[in-house]
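Engineer: If you count the sequence shown from 1, position 184 lands on 184 in UniProt numbering, and the numbers rise without skipping.
In short, the hints are calculated from the structure, not lab data. Misleading hints may appear alongside valid ones.
FRET-style restraints, in silico, Cβ to Cβ [stated by the list, open to error]:
no.	residue 1	residue 2	range
1	HIS59	GLY100	55 to 61 Å
2	ASP123	LEU83	27 to 33 Å
3	ASP47	ARG23	15 to 21 Å
4	GLU264	ASN36	41 to 47 Å
5	GLY60	LEU8	23 to 29 Å
6	LEU83	PRO122	25 to 31 Å
A virtual CB, placed ideally from N, CA and C, is assigned to each residue, including glycine.
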Amino acid sequence: MSDNQNLLAEQRRALILDEVRRRGGVRVNELTRRLNVSDMTVRRDLDALARQGVVAKVHGGAVPVAEATTHEPGFEAKSALELESKEDIARAAAKMASPGSAIALAGGTTAYALAQQLLDVPDLTVVTNSVRVAEAFHTAQRPVTASGPAVRPGAATVVLTGGVRTPSDTLVGPVADAAIRSLHFDVLFIGVHGISVEAGLSTPNLAEAETNRHFVRSARRVVVLADHTKWGTVGLSSFATLDEVDALVTDAGLSAGARAEIAERLPELVVAGPSRGGAGGPDS
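Kindly generate the complete structure, drawing on both the sequences and the hints.
Structural biologist: Structure, rendered in structure tokens:
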């Protein structure tokens, strides 16, 4: 971790939680050095995470506990996790979007990272239920000129579904479901809370699960975007089986055992980015 002194508390705690889970435990003095904050700040953060039930405090530090299947972090908290992995995944997934095609981008921080990589792909039609994804295209494609805002040639046509906003800035519910049911996509790019052999693709939000089911049914090809920490995680509600997935784009932190399991079940596995020290253990 770099100098994160100015991070919001929620983002800093997300980084701490990621470090605890990745390493299986951390010490307070390690976190103070990595985050460049005081001992007291780290202890307050660990107290807050312990109250949420996601870490257990031990002498001099903290260890992870199993995450509740209904816990749904906000967009800002999730955006601070696995930043390099998400960028690697986004760059690899962007190669799967052909100019002039109709694609769907479901909500989440990895889908947002992918949106940044798709800004220069010409003539896309993008259907999304992510407020952040829609804003990314809108901002990039309407530069302000001397005569006012202008639409860039070849800019994507973006369709934002309506719906009820979730903590991850995703629109879900009957309005979103009806819009998605009426459309057909060449490729769906979808992030997940968790992915496993038994539960398939899952999320802690029941309404989001239903909306995601409609996305999957409306797509000719389903591409899952999931960093290595999502493998083996199970949310409250499953919305697709692995049989419904055409490709998984993940990062090099995925363990060899998980890669073998996935390769047996999916037509395509894309491992993006360089190997990173310490990754790829049995719990990765």
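Engineer: Starting from the hint 15 to 21 Å, judge whether the C-beta atoms of ASP47 and ARG23 obey it.
Structural biologist: 20 Å, holds
Engineer: Given the hint of 41 to 47 Å, is the C-beta distance from GLU264 to ASN36 inside that range or not?
Structural biologist: For ASN36 against GLU264, whose Cβ atoms are near 44 Å apart, the range 41 to 47 Å holds.
Engineer: Given a hint of 27 to 33 Å, does the C-beta separation of ASP123 and LEU83 actually sit inside it?
Structural biologist: Once the Cβ atoms are compared, 30 Å apart, the range 27 to 33 Å for LEU83 and ASP123 holds.
Engineer: Do the beta carbons of GLY60 and LEU8 sit within 23 to 29 Å of each other?
Structural biologist: Roughly 26 Å apart at Cβ, these two residues keep to the hinted range, so it holds.
Engineer: Okay, LEU83 versus PRO122 on CB: inside 25 to 31 Å?
Structural biologist: Check passed, 28 Å falls within 25 to 31 Å.
Engineer: Indicate whether the distance between the beta carbons of HIS59 and GLY100 respects the range 55 to 61 Å.
Structural biologist: 60 Å, holds
Consistency with the previously given hints is maintained throughout, with no hint failing.
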